[in-house]
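Q: Those sequence lines, one after another, are chains P and G.
If you count by our numbering, then the first sequence holds residues 136 to 489, one letter each, in order.
If you count by our numbering, then the second sequence holds residues 136 to 489, one letter each, in order.
No lab work stands behind these hints: they were computed from the structure.
Incorrect hints may have been included.
If several chains are the same, the list does not tell them apart, and a pair holds so long as it fits within one copy or across any two.
Simulated crosslink set (SDA-like; lysine to any residue; CA at most 25 Å straight-line) [said to hold, decoys possible]: (1) K402 - D423; (2) K350 - I450; (3) K369 - N385; (4) K326 - R453; (5) K223 - A270; (6) K369 - A451; (7) K350 - A166; (8) K441 - L163; (9) K223 - F239; (10) K326 - R435; (11) K261 - G154; (12) K281 - F266; (13) K350 - I443; (14) K369 - P428; (15) K246 - Q273; (16) K326 - L406; (17) K325 - R453; (18) K369 - L426; (19) K402 - L464.
There are 2 protein chains.
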Amino acid sequence: MSGCQVDPNTIRPIRFFNGNCQMLDQRLLPAEEVWLDYSDHQGVAEAIRSMVVRGAPAIGVAAAIGAWFGARDIDCASSEEFFAEFEKVCALLAATRPTAVNLFWALERMKSFARANLDRSVLELKIGLEFEALAIIQEDEQLCKKLGRKGEPLLPDGARVLTHCNAGALATGGYGTALGVIRAAVAAGKKISVIADETRPFLQGSRLTAWELQKDNIPVTLICDNMAGYLMAKGEIDCVIVGADRIAANGDVANKIGTYTVAILAKEHNLPFYVAAPLSTIDLSLSDGSLIPIEERDAREITHLKGIQLAPEGIAVRNPAFDVTPNRLVTAIITERGVVQGNYLQQLAELAAD
Amino acid sequence: MSGCQVDPNTIRPIRFFNGNCQMLDQRLLPAEEVWLDYSDHQGVAEAIRSMVVRGAPAIGVAAAIGAWFGARDIDCASSEEFFAEFEKVCALLAATRPTAVNLFWALERMKSFARANLDRSVLELKIGLEFEALAIIQEDEQLCKKLGRKGEPLLPDGARVLTHCNAGALATGGYGTALGVIRAAVAAGKKISVIADETRPFLQGSRLTAWELQKDNIPVTLICDNMAGYLMAKGEIDCVIVGADRIAANGDVANKIGTYTVAILAKEHNLPFYVAAPLSTIDLSLSDGSLIPIEERDAREITHLKGIQLAPEGIAVRNPAFDVTPNRLVTAIITERGVVQGNYLQQLAELAAD
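Given these sequences and hints, build the entire structure.
A: Following this line, the structure appears as structure tokens:
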């Protein structure tokens, strides 16, 4: 389905119906809108690894679909045998990317469903897992909209909002987390303009955030990552809002590389720094952000762009894909159950227990 | 002379001998080493504007050569008439880029020479201006070496030094300012490793700094601009050294966009932030950095790379090419006459008056 148009009013990175899955190849945006077909869990794992699909909640959604593909293809008679095979499917999907916790959350939810229904037939388990995957997708978009409504009062009318990476419809089942808050503020009648960091090396800001906000007619200005400080110093940014890939129990936030720098800039210029993330992004098992594994990706993402050489051959490269912003730099965390400020350790635990 | 090799031990961006000028096309590095021929002042002006040559001191050198080309081509009998025409040549060269003060400094030096010798014949003026341009080139490399020796005691053995943009041999007559200090530290027997910000959008870090340090066998690791904070938080950077495009009388420093952010990061992590620049970069006529004009360049530098589209069509863009780092964030300014710390207003004036 190459060249297929996305409905601008309902940008979604993943389509799943009648057992068919298509993902918008986010590596090719904005120049091309190409939908790729997926029909097995190995293919979905590769789509996650190679960033056809990216963004913590969307990775969770993709993993749930991949898990169902794997479940569907298991050929055995007993539910116990099925479950042992299903765990292997989930392990393969879990080994794709280490930082975003939604991946593990979604796979755990799929496994929990199967585990709780081992008294059912293999056929029933397979059907049930398809419904569970569908539920994860639909819930994700709904909770983004809820999260948006909870967060939008934080954005004043006229706000010029800096965002980093893409925490939008393309990073979720639909609507977005950070961009969901912005969409909700616009829906509430506020005049909001967005400044989008281009977000090297994968350029989620220029390729994805700019693309989806332009489709929604929300004013957006693109800058390089190293320009945010300049605009803050000139008084041209009012607040920052970003998504998250994993939040520790104490409120430390792992998010796309460069987020920590933006948080320090916000503090230096006395600007609020907001994090928007569903509760599935919060990992209460980790006491602080130093325990969050940080993925280092291939050097070629930095040294080359679409085959063009940007750096000398053989150059050493560091390519951490994420960094950790300590809780002291986070003004508030916006979740679908409410906004948390101050004592994150206590409040995040309370929210999760609700 | 396409494909001509640069001597790795004497990397110089500009060749000028027997009245011929060639410039290494820095837009094509590191993939191609192409030397372009220049023979008139309009060509040199375009080379500066389009960033065939860049870096404040190198722009000054190029402008001096361009001014001589213009002088040589003036066809008139009287020195007064000649000087009036020469001022037009210099005005055209001055209108290329607004931020780097070395451009205006070099042109003013050429004009001063002519003004002081108006009693000479037009032929003598032309010959004298060629020698003046040659002097500017040779002095620039020499003063970089002097600056390097003054600054190298600031870099401890084993230091892991972050730099932004390219303040190297390619940005000067040769040897470099920030990279000159690093070269001098290496020459003094210290083990120094460099972390180079890629420096969007023009990628001076990945294309130029990585290239010239690799040629000199100085260990260099390339990162995206948004990764420096992560490495600082992990204790993997010991200090920062950058060049400058213009320094105000109070020590505020205009340099490549992103420098201000690096300076804030250095402060946040208690790391020294050094600026290396020749006295010709200091503009005592401006009381502080807010008066330094900041060039905004074409949106296409951000939205496209070598013709590849990175952002949606019609997207709004900001592309400031420089920012201003306030003096409070500058640990020391390294010049060819010594290192200045503390009261910049007084000390810079004293150094310049020496």
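Q: Next, verify each hint and record whether it holds.
A: How the hints compare with the structure:
Taking identical chains as interchangeable, the C-alpha atoms of K402 and D423 lie at most 25 Å apart whether they share a chain (20 Å) or sit on different chains (24 Å). When the C-alpha separation of K350 and I450 is checked against a cutoff of 25 Å, the pair qualifies only between copies, where the shortest distance is 11 Å, while the shortest distance within a copy is 39 Å. Taking CA atoms no more than 25 Å apart as the test, K369 paired with N385 passes between copies only; the shortest distance there is 19 Å, against 33 Å inside one copy. Taking identical chains as interchangeable, the C-alpha atoms of K326 and R453 lie at most 25 Å apart only when they sit on different chains, with a minimum of 20 Å there against 39 Å within one chain.
Taking identical chains as interchangeable, the C-alpha atoms of K223 and A270 lie at most 25 Å apart only when both belong to the same chain, with a minimum of 22 Å there against 72 Å between chains. For a Cα distance limit of 25 Å, the shortest separation of K369 from A451 across copies, 18 Å, qualifies, whereas the shortest one inside one copy, 35 Å, does not. Taking the shortest Cα distances, K350 and A166 sit within 25 Å of each other inside one copy (14 Å), while across copies they are farther apart (36 Å). For the identical chains of this complex, K441 and L163 are neighbours both inside a copy (10 Å) and across copies (16 Å), given an alpha-carbon limit of 25 Å.
In this assembly of identical chains, K223 and F239 lie within 25 Å of each other by CA distance solely inside one copy; the values are 14 Å within and 68 Å between copies. Taking CA atoms no more than 25 Å apart as the test, K326 paired with R435 passes in neither setting, with 40 Å inside one copy and 27 Å between copies. When the C-alpha separation of K261 and G154 is checked against a cutoff of 25 Å, the pair qualifies only within one copy, where the shortest distance is 11 Å, while the shortest distance between copies is 81 Å. In the homo-oligomer, the alpha carbons of K281 and F266 lie at most 25 Å apart inside one protomer (22 Å), although the nearest pairing across protomers, at 72 Å, exceeds that limit.
Only between protomers do K350 and I443 lie at most 25 Å apart by alpha-carbon distance; the minimum there is 21 Å, versus 29 Å within a single protomer. Taking the closest pair of Cα atoms, K369 and P428 come within 25 Å of each other only across two copies (14 Å); inside a single copy the shortest separation is 36 Å, beyond that limit. In the homo-oligomer, the alpha carbons of K246 and Q273 lie at most 25 Å apart inside one protomer (18 Å), although the nearest pairing across protomers, at 72 Å, exceeds that limit. Taking the shortest alpha-carbon separations for K326 and L406, only the intra-copy value of 19 Å comes in at or below 25 Å, while the best inter-copy value is 40 Å.
Only between protomers do K325 and R453 lie at most 25 Å apart by alpha-carbon distance; the minimum there is 23 Å, versus 41 Å within a single protomer. For the homomeric pair K369 and L426, the shortest alpha-carbon distance between copies (13 Å) is at most 25 Å, but the shortest distance inside one copy (36 Å) is not. Taking the shortest Cα distances, K402 and L464 sit within 25 Å of each other both inside one copy (7 Å) and across copies (15 Å).
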